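Model the full assembly from the supplied sequences, consistent with the hints where possible.
Protein chains: 2
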Amino acid sequence: MAQVTERKGPGRPPGRTAQGHATRQALHDAAIDLIAERGYEQATMRDIATRAGVSPGLLYKYFPGKQAVVLELYDTLSQRYAEASLKMRPGSWRERALFAMKASLAVLGPHRDVLVALTPVLVGDPEQGLFATSTAGSRQRVQGVFLTAVAEASETLGRKEAESLGRILYVIHLAVILWWLLDKSPEQRATSRLLKLLTRLGAVVGLASRLPGAKGVMRAVDGVIVDGLLGDGTAAPA
Amino acid sequence: MAQVTERKGPGRPPGRTAQGHATRQALHDAAIDLIAERGYEQATMRDIATRAGVSPGLLYKYFPGKQAVVLELYDTLSQRYAEASLKMRPGSWRERALFAMKASLAVLGPHRDVLVALTPVLVGDPEQGLFATSTAGSRQRVQGVFLTAVAEASETLGRKEAESLGRILYVIHLAVILWWLLDKSPEQRATSRLLKLLTRLGAVVGLASRLPGAKGVMRAVDGVIVDGLLGDGTAAPA
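Taken in order, these protein sequences are the chains called A and B.
Mapping of the first sequence onto our numbering: residues 8 to 245, in sequence order.
Mapping of the second sequence onto our numbering: residues 8 to 245, in sequence order.
Repeated chains share a single entry, so a pair holds when one copy, or any two copies, can fit it.
Simulated pairs of lysine-lysine, DSBU-like, Cα-Cα distance not exceeding 35 Å: (1) Lys-167 x Lys-109; (2) Lys-167 x Lys-191; (3) Lys-222 x Lys-109; (4) Lys-94 x Lys-73; (5) Lys-203 x Lys-94; (6) Lys-203 x Lys-167; (7) Lys-94 x Lys-167; (8) Lys-203 x Lys-109.
Think of the hints as simulated: they come from the structure by calculation, not from any bench.
Remember, predicted model here, so these are calculated numbers, not experimental data.
Given below as structure tokens:
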């Protein structure tokens, strides 16, 4: 871990200069490393400062708390994901959604240790969790990838229908990520197997989607997702 | 919250006498209340003792730590669930699995506050989480309900097939419980809607299960579940 040198200058907001940027990055890395090692609750700001070799005061100048570190991580990873998803090729919504899921695992892969340590926060924390207000920006960026995957797929879907399907695929993607974080098999091979299975099941769903009533089921699934998970808990049920 | 009166007696193990039992229950209730209010990490053993009006020393005699409180909660709830499931009627596996899911929500319902507070632990804690070794007893009790639901269903299934289906339904049940804990809709109505949807989708799955290859898919899904979530992470893939 690189030690951080402190440079004081009046009226210089932290992180705006090249050195400020490097300091910020080093502090962020130290925080992420410590959270990955000890868990979110056990990694204190004091310990993070010690690890980075700076005073707690300097650390607080850059990050008002661990929460800020975590939100920045979400922000960085969701941006990288949005960039990676630009490589999505034309194809059916099933092909594109599978690409989007694999791209997500590829972007998150190198950060699995800290994400495993953050799983309790991601799933259970109403303030910094997956469905919290503070994380809405990152969430919408990721959701946007799935909305685009369907909207620009080779099949012709109505706008509302495409939005419903995009949201459903986004939530399935979250379930896959949670699975991957909990996956106990060596090198998470069970997640690769799960994706292959989803591909097979997707083919069945593709056939079933031509049955009468399929659109109604899709709208109903989307309605429940918005009502229970993605909405603010006040919307009337569809 | 009932105050607890301390009675000392040499050679009397905590919780074995009638008064010991009442004390134990009162301490457990105080711990659960405080965890529900503040969250697992924030509720300290000292605060729990204060809440119950006893010395920390007495609390530690009954519970060596918060972990013991949580494991006892799992144990109690899974026992109640196993008892409630004895009322399962004859029927198809789909009817019986739906009964088992509703029974689970009915047993857990009155304890939703503390379970929401414990969601980070349940999902993210390798020591006390859903798939941890320490919770294996409670987990197997609950899984057993789903195995029985299928094994004694009106359809005739092979033993291995029934086991696979039971495990898959158990994991779907866990996903429903997680959904219910995250459900932001008023009175978790989105969870009731989800169960209705699962019933509709179950009918489609019932039809699809007659297609050639359905058994193979089921075995594959079960294999991935055992490999990734339920196993000890060392089993070779099927």
